[in-house]
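S.K.: Given next are the chains, with one letter for each unit.
2 protein chains.
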Amino acid sequence: MTQPLALGIDIGGTGTAFGIVDRRGQILEKGEMPTRGHATVQDFIAALKQQLALIIEKVGADNIVGVGVGAPNGNFYTGEIAYAPNLPWEGVIPLAKLVSESLHQKVTLTNDANAAAIGEMMYGAAKGMKDFILVTLGTGVGSGFVANGQMIYGHDGFAGEIGHVIAVREGRRCGCGRNGCLETYASATGIVKSAEEWLNDRTDETILRKEKGRITAKMIHEAGEAGDAFALELFAYTGKILGQTLADAVAITSPQAIIFFGGLAKSGEMLMKHVRTHMEANLLKIYKNKVQLTYSALPDADAAILGASALVW
Amino acid sequence: MTQPLALGIDIGGTGTAFGIVDRRGQILEKGEMPTRGHATVQDFIAALKQQLALIIEKVGADNIVGVGVGAPNGNFYTGEIAYAPNLPWEGVIPLAKLVSESLHQKVTLTNDANAAAIGEMMYGAAKGMKDFILVTLGTGVGSGFVANGQMIYGHDGFAGEIGHVIAVREGRRCGCGRNGCLETYASATGIVKSAEEWLNDRTDETILRKEKGRITAKMIHEAGEAGDAFALELFAYTGKILGQTLADAVAITSPQAIIFFGGLAKSGEMLMKHVRTHMEANLLKIYKNKVQLTYSALPDADAAILGASALVW
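Chains as they are written, first to last, in the working numbering: chain U, 1 to 313; chain H, 1001 to 1313.
In isolation and in its complexed conformation, chain U is listed as follows (with noise of 0.2 Å):
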């Protein structure tokens, strides 16, 4: 018995991962691979090629009816990467062009933020709200952002960079090659680097300071976890720049829920009940006390495949 597949692919800042769905968004196989560590785009398209071939075969290559894929600064519109601060690759990539002639399928590309908003619309947290913020807190900080039940692509097809508004006004220099934007401060490497700097400016105790150099979001987590002060907060002064932007956009969209995803994302309560006590004492009377701060419904990468799969159908 045959029935129509998707293929869903998300590539982020680290890793790639990939999926084959159905149109009930059952994903029947997936995999991952690293994003980085190939010399050029084409490279990187060879070897995803070769993985896809693995899964592909077993359900079939017949029943693939196309490709969607999510990735920084992906456009909609155009189907090209623009200047993605997080990827490896520089200037502008025609990833959905790139895709389509070595997989011979068609190809749909967004942005990884508006794919995960479209999988958690259709299969997740936000199912059935028509107004609402995607947030990922990953190597970047994404976002897609859903109005009237509709993706916010924008004039152009890039909309939904709330991790490029300027955060701290000439703040920390971010990949962009601007200062002060919130990736530099709520992303998992933001955090990494605010720890990094209070190392070599403070010296309180903390079981961080034998990692220094070499710290990880996930060392931060563990030690804030275990009770460390200074991890703690560090959560603290992330969860206050990311609560006080997201209260800016919610003047703009006012939305139901505001959903976050990525590896910050699990470190839970430690940074939301900041991010949430921050965002509240910056909204505007109207809009206090009615959006609700939830994360992914989807395990892992699955939002981004799920949302990448559902541009094909």
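Simulated from the structure, these hints should not be mistaken for laboratory data.
Check the hints yourself; a few may be wrong.
Taking CB as the label site, the calculated pair distances span [unchecked claim]:
{"no.": "1", "chain 1": "U", "residue 1": "Tyr-295", "chain 2": "H", "residue 2": "Asn-1148", "range": "21 to 29 Å"}
{"no.": "2", "chain 1": "H", "residue 1": "Gly-1149", "chain 2": "U", "residue 2": "Met-33", "range": "51 to 59 Å"}
{"no.": "3", "chain 1": "H", "residue 1": "Glu-1032", "chain 2": "U", "residue 2": "Ala-281", "range": "33 to 41 Å"}
{"no.": "4", "chain 1": "U", "residue 1": "Arg-202", "chain 2": "H", "residue 2": "Arg-1169", "range": "21 to 29 Å"}
{"no.": "5", "chain 1": "U", "residue 1": "Lys-285", "chain 2": "H", "residue 2": "Val-1065", "range": "30 to 38 Å"}
{"no.": "6", "chain 1": "H", "residue 1": "Lys-1288", "chain 2": "U", "residue 2": "Thr-14", "range": "25 to 33 Å"}
{"no.": "7", "chain 1": "U", "residue 1": "Lys-285", "chain 2": "H", "residue 2": "Glu-1197", "range": "55 to 63 Å"}
{"no.": "8", "chain 1": "H", "residue 1": "Asn-1148", "chain 2": "U", "residue 2": "Gly-15", "range": "48 to 56 Å"}
In this text, a Cβ means the ideal position worked out from N, Cα and C, and glycines have one as well.
Assemble chain H onto chain U, guided by the hints.
M.R.: Chain H alone, transformed into the frame defined by chain U:
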């Protein structure tokens, strides 16, 4: 010959404008009155009813098929005005209901800036645009966001309050009770606050000094046109804050254009050249040199009257 007509009412922080509009967007009759100076909202509506009677009589009451109202903090979903810092009435006002009871008409309410955005989209500078922001620079700063050709009302009907995005952390006190909101800097009253502060703190010569304590935005405009350096610096300062904040809004909705409306927008390039410079300087590369900054194509309060009337159809 009879034709269906709509009554459009635009309630601003200072004045209220109203007009009778046909389906093609022709304003057949119009008028205005002060918003302030009435003891209660009921008194305001009674005075408004008297004013409206004069123009309704001219077109024939039977031809009016409905009433649309734009007002600060007006909620499309509930018909209420809630906690509007620039209106004389406190708390939550069931405005649509009160006007409906007074005029014996069906009444639809929305935010004044949303009404102006609808007016521009149907009849003005945003004709044919699917993604734009309308920004009103009047007593306060209001905004209407349109994405995918639809007004963004948000989950609760209160979306689009760019005037209450925090433009300056720990900045000047705003009428809403918080600090640093865009409208405390970039409205007609905001630039006056800046002028009075500077006149207190600084000693440089300016033709505005003799007006200290009673500065108006119009005086600043005239001083700027006369080449007064102090006034021109006020426009530069105001434009910088507005441009920076608009750059953040562009990162969220990626509009084709930002359309300015309201008293301060009439200062034109004196203000706008600085808005453009600082917006562009703060845009992520993918957004640079794409967003048109333009002005309302509708005379005076017509955009809001037309937009409010369009709610009827």
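S.K.: Which numbered hints turn out to be false for this structure?
M.R.: Hints 2, 7 and 8 not satisfied by this model.
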